[in-house]
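Chemist: Here is what each chain is made of, one letter per residue.
2 protein chains.
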Amino acid sequence: VPKHIADSTVRRLSLYLRFVEEALERGLRTISSDTLAELSGTTSAQVRKDLSFFGSFGKRGLGYPIPELAGRLREILGLGREWRVVIVGAGRIGSALAHYPGFALHGFTIVGVYDNDAAKIGRNWDGHPIRDIAQLARDATREKPDIAVLAIPADTAQATADLVVRAGLRAILNFAPTPLRVPDNVTVKTVNMALELEGLSYALAHNR
Amino acid sequence: VPKHIADSTVRRLSLYLRFVEEALERGLRTISSDTLAELSGTTSAQVRKDLSFFGSFGKRGLGYPIPELAGRLREILGLGREWRVVIVGAGRIGSALAHYPGFALHGFTIVGVYDNDAAKIGRNWDGHPIRDIAQLARDATREKPDIAVLAIPADTAQATADLVVRAGLRAILNFAPTPLRVPDNVTVKTVNMALELEGLSYALAHNR
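In order, the protein sequences belong to chains A and B.
This note's numbering numbers the first residue of the first sequence as 1 and each following residue consecutively.
This note's numbering numbers the first residue of the second sequence as 1001 and each following residue consecutively.
Incorrect hints may appear among the rest.
[Said to hold, decoys possible] Just so you have them, the derived chain B footprint on chain A, three or more residues with Cβ under 8 Å: (1) 83-97; (2) 129-141; (3) 173-183; (4) 192-204.
Derived by calculation from the structure, the hints in this document are not laboratory data.
All figures in this text were calculated on a predicted structure; none of them were measured in a lab.
Glycine included, C-beta positions come from ideal geometry on N, C-alpha and C.
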């Protein structure tokens, strides 16, 4: 496996895995690059190129063997391992995410829930006691979380990201509607619902 | 305003608006292209180019006048209008979105909540009765919704999108982890949490 794969390739591999798993559930044995391309909105040449990174699968003209392809994609994407997650911001967005079936499917386990609101700290949140965000660095030395989910407002997001990075975490899923600055060895993925809503609003206003 | 602005430009305009509104709240009068560029992770030349689409603002060297810029960006993005939204899938994701402050800020008003689960239909969901998805087309002729939020599993997403398009809606916010095929006059924005989770998992597994 090459050391650095572009984000856009990783995103396509995720899509391929989705369709390969669906095909597996339906009992299919093989899937062609043409079918994967059509489902994923790309070309079959792109599919073959993406999958050739990881060695050769199956025989020309027979399609990719589904169970092997699924296993290889899951391995590449780091699935099947346990990732330890802290939720920062004990509100509805964090809760929706924690109950999202994909969260457990990806091996994501919640090890702590944090907030900075004294009225919330100590209360119960889906079975987790809400902890003071000031405790994060201390807890992290013991619990070794991998990922922080930031489900907090934009104005505290950068300061909280700095705190998460100082606590030694190297991955952030950011729901705050603002870009975050982090060191190169930390990965941030932003789910910016405000941007998506404004994209829809723009399209409707301009009658596209 | 030009007829077709690239999605990437619309996304930057959304980011600029966020920072301009924060500057407005702090009582600032002007903001420079350098500052907007740094906050948004782009170049000042790009900022000037993006904003020049919409006529000239302020004087060279004095920065952009903040209230005018905020007003113009809001207008371009179609904010300040009411957009009528139906939520399809009466679960936690739709609920988190409906309570997200950005939802009301963008003028998004929920006019109906739908599900296909007979056990849910007729029950109360955050003040809305859950309706049968089979009713959508009939309701839409009367209520004229603009946007459908699809908070449903991948395997029913395309069939539901087809139904939404036949009912005359022209914008979809898709939370199902699958791409949707729609006609050219319909805009889809996908919030794919599974892709973001797999991107983080990949980065952690490969120790980037």
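Chemist: Go through the numbered hints given earlier and state which of them the structure violates, listing their numbers in rising order.
Modeler: 2
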